[in-house]
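Asks: Just add 156 to wherever you are in the sequence shown, counting from 1, and you've got the numbering used here.
It should be emphasised that the hints constitute simulated quantities derived from the structure, not laboratory data.
Hints are supplied without guarantee of correctness; some may be wrong.
[What the hints assert, rightly or not] Taking CB as the label site, the calculated pair distances span:
1) H163 <-> R325: 26 to 34 Å
2) E214 <-> D265: 38 to 46 Å
3) R182 <-> T211: 20 to 28 Å
We put the beta carbon where it would ideally sit given N, CA and C, even for glycine.
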Amino acid sequence: MQIHARHVGVTGPHGPLLEPTSVLVRPGELVLVAGDPGAGHTALGLVLAGRMRPTTGEVSPSPAELRKRVVLVDSPDVTEPEGSLTLAGVVGEELAMNGARSGRKAVADWLVERGADEYLDHRFEQVPAATRCALTLELAAGRPGADTLVLDSPDRYHGDPKGWWELARGHVTPDRSVVALCTTTSAGVLGVPVARIGADNVPDNVPEESE
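Kindly produce the complete structure, drawing on both the sequences and the hints.
Replies: Have a look at this one:
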């Protein structure tokens with residue numbers, strides 16, 4: 157699925173939450189989008205996931221289609237797991253949403269297979285950043301019908317941008333794209349092509365993809 161956001165902006169009750177931004181996400185791409193802290197990372201993620209209608213601009217496909225096919229991953233105050241929950245509780249809830257077995261043994265077995273069973277009863281906020289990011293991405297990728305993952309601000313807890321960048325890259329397939337929203341500082345460390353929040357990052361005359 158191709159996602160095309162054209163000059164999407166969001167205004168809240170106290171002013172702009174997201175300056176007009178244009179981003180194109182093609183199937184099978186890993187897209188980095190960067191902005192200064194407070195630039196509207198989560199607002200852009202919500203728009204790309206069809207969970208918020210932009211105040212200005214437009215996005216295609218339709219919000220209804222985006223909600224079916226885009227998963228917003230670990231988004232602060234939106235999809236971020238409650239920090240006081242155990243890792244087992246978080247994984248169990250996500251496996252249930254994915255239609256998989258989610259009982260205590262099933263969760264334990266799932267974590268054993270990923271070498272994370274030592275954190276089974278740890279509070280989610282105490283799980284090491286690399287493990288947390290890897291598990292939330294994998295659980296999101298397992299959501300039925302999901303072909304785009306939007307990873308929101310992993311650098312808020314993950315000290316090494318290259319770590320979460322490689323984890324995100326691992327979930328890109330010919331049919332699945334991943335969008336990572338981060339700070340300009342993290343983008344500078346990665347040294348890869350980057351789209352900017354508050355800018356037009358899309359070339360003219362981009363053909364639309366049928367839904």
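Asks: Each of the hints needs a verdict: does it hold here or not?
Replies: Hint check results:
At roughly 28 Å, the beta carbons of H163 and R325 sit within the given window of 26 to 34 Å. Separation of E214 from D265 is about 44 Å and conforms to the stated range, judged on CB atoms against 38 to 46 Å. Separated by about 26 Å at the C-beta atoms, R182 and T211 satisfy the suggested range of 20 to 28 Å.
In summary, the structure agrees with every hint in the numbered list given earlier.
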